[in-house]
Amino acid sequence: MQYRLFFSLGALALMMFSACGDPSPAAADQALPILGNRDIVDGDTVYHQIPDFSFIAQDSNVVNNATFADKLYIVDFFFTTCPSICPTVTKQMLRLYERFEGEARVKLLAHTIDIRHDSVPVLKRYAEKIHVSSDKWHFVTGDEEKIYDMADDYFIAAQKDPDAPGGFDHSGRIILVDQNRYVRSFCEGTDPDDVTRFMDDVQKLLDEQ
Amino acid sequence: MSNRRWGWGLLGMVALGVLWSACSYQPFRQGEILYANFCATCHGENGEGFRDLYPPLANSDYFRENQLETACIIHYGMDKELVVNGKTYQQAMLAVTQLNDVEICNVINLLSYSWHSGMKTVTIDEVRAQLESCSDWELLD
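Chains A and B supply the protein sequences, listed in that same order. All residue numbers for the first sequence refer to this note's numbering, where the first residue is 1 and numbers rise by one. All residue numbers for the second sequence refer to this note's numbering, where the first residue is 210 and numbers rise by one.
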């Protein structure tokens, strides 16, 4: 009797556990979708594409769409003095950096949303202090309005908010963009398990090339 | 028979629980919670710091030598070079304006007690006096 009770409790726990897992196990074999709104123009489907941009990175060099031609790139928004989620997200970006350090087809792009404080020298010091290569991981600043516009294009919420810790309110989302400027995957940079799943997506897209 | 076995099992579990809590006991519970909420994302869950960006708060010679001044850093933030265990750190830290003097005192005592063996703890009067002495610091937030 007791054994049966244990058994059914165990089965129940297993069911509950598996119910919380990957919501779409079948998706593992499918190509990554192109994310965002789509339009039909003259019978063709037009997908959301990342527009032209041009920013300045930590070595005072220009970083624009050409920087990422034929590359997959991983995007986030942060600011160096952010006391809330950014350190967590940066640590996860560093996991991605280390995982794809030897893969020249993958780059990382971090935008500051605090252009007043995060000047080029501040960004340079930040990158140096976490020991990452400026060829691989670009920390950029630039026109404030353009940075916030780009956040919209990457589906990342970012805005000034005097009431938020550090003065800015933003999401810790990390985005994957392909060589055709399409957004192909994203994760919550505050959730290490979600980032692990995202890593697999990056690898999958690399394997498709 | 069955009941007695359950009884022993229960007793064993209670004993294990008591043993466990005895091992992990530390008197600064509020400091521990505040540290997890306001300090750990940068300085690490175990005070280990992060690369050369955020200095460690465990086994830190700077903390050992500037225990009370840490109250000022928490209260006002800091944007100047700092040498910790021989490494130079330059990352600005914003004021943790959510913490009052009692809470700052508890965080300092958690750091002292948990990660700096042999360090004495500080009193709320000492923390208040210290905060008074740095009232000319610029608030970084």
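Everything labelled a hint here was simulated from the structure, so no lab data went into it. Everything numeric in this text was worked out from a predicted model, so none of it was measured. Think of the CB as a built atom: it goes at the ideal place given N, C-alpha and C, for glycine as much as any other residue. Treat the hints with caution; some may be incorrect.
What the hints assert, rightly or not - One-sided excerpt, in silico: chain B residues whose CB lies under 10 Å from chain A:
| no. | residue |
| --- | --- |
| 1 | L220 |
| 2 | L225 |
| 3 | H252 |
| 4 | L262 |
| 5 | G286 |
| 6 | Q299 |
| 7 | L349 |
As the list claims (entries may be wrong) - Some residues of chain B that are not near chain A, with every Cβ distance over 12 Å (derived):
| no. | residue |
| --- | --- |
| 8 | F237 |
| 9 | D270 |
| 10 | E274 |
| 11 | G295 |
| 12 | M302 |
| 13 | A304 |
| 14 | E312 |
| 15 | K329 |
| 16 | D334 |
| 17 | D345 |
Unchecked claim - Within a straight-line C-alpha distance of at most 20 Å, the following computed EDC-like cross-link-like pairs (lysine to aspartate or glutamate) qualify:
| no. | chain 1 | residue 1 | chain 2 | residue 2 |
| --- | --- | --- | --- | --- |
| 18 | A | K91 | B | E278 |
| 19 | A | K71 | A | E101 |
| 20 | A | K129 | B | D261 |
Do the hints match the structure? See the list:
With a cut of 10 Å, the hint placing L220 of chain B at the interface with chain A is violated, because the nearest CB-to-CB distance is about 20 Å. Hint on L225 of chain B is violated. Least Cβ distance to chain A is approximately 21 Å, over the 10 Å limit. Below 10 Å, beta-carbon pairs count as interface contacts, and H252 of chain B has one with chain A at about 9 Å; its hint therefore holds. Look at L262 of chain B: its Cβ gets to within about 4 Å of chain A, closer than 10 Å, so that hint holds up.
Taken as an interface hint, G286 of chain B checks out: its beta carbon lies about 9 Å from the nearest beta carbon of chain A, inside 10 Å. With its C-beta approaching chain A no nearer than about 6 Å, Q299 of chain B sits inside the 10 Å limit, and its interface hint holds. Among the interface hints, the one on L349 of chain B holds; its C-beta lies about 8 Å from the nearest C-beta in chain A, closer than the 10 Å criterion. Against chain A, the non-interface label of F237 of chain B holds: every CB pair exceeds 12 Å, the least being about 22 Å.
Even its closest Cβ contact with chain A, about 19 Å, leaves D270 of chain B beyond 12 Å, as expected for a residue assigned away from the interface. Every CB of chain A lies more than 12 Å from the CB of E274 of chain B, the least distance being 22 Å, so the non-interface label holds. The non-interface label for G295 of chain B is consistent with chain A: the shortest C-beta to C-beta separation is roughly 15 Å, beyond 12 Å. Not every C-beta of chain A lies more than 12 Å from that of M302 of chain B, the closest at about 8 Å, which undercuts listing it as non-interface.
Not every CB of chain A is more than 12 Å from the CB of A304 of chain B (nearest about 9 Å), against its label as outside the interface. Distance to chain A confirms E312 of chain B as a non-interface residue, since its nearest Cβ pair spans about 16 Å, more than 12 Å. Remark: the non-interface label on K329 of chain B is consistent with the geometry, its nearest Cβ contact in chain A lying 29 Å away (cut-off 12 Å). At roughly 28 Å from the closest C-beta of chain A, the C-beta of D334 of chain B stays outside 12 Å, upholding its exclusion from the interface.
The beta carbon of D345 of chain B sits about 22 Å from the closest Cβ of chain A, which is more than 12 Å, so the claim that it is off the interface holds. Note on K91 of chain A and E278 of chain B: the hinted pairing is violated, with a Cα-Cα distance of about 28 Å set against a maximum of 20 Å. At most 20 Å may separate the alpha-carbon atoms for a hinted pair to count; K71 of chain A and E101 of chain A meet this at roughly 14 Å. For the hint linking K129 of chain A to D261 of chain B, the alpha-carbon distance of about 5 Å falls within 20 Å, and the restraint holds.
Violation of the numbered hints given earlier is confined to hints 1, 2, 12, 13 and 18; the remaining hints are satisfied by the structure.
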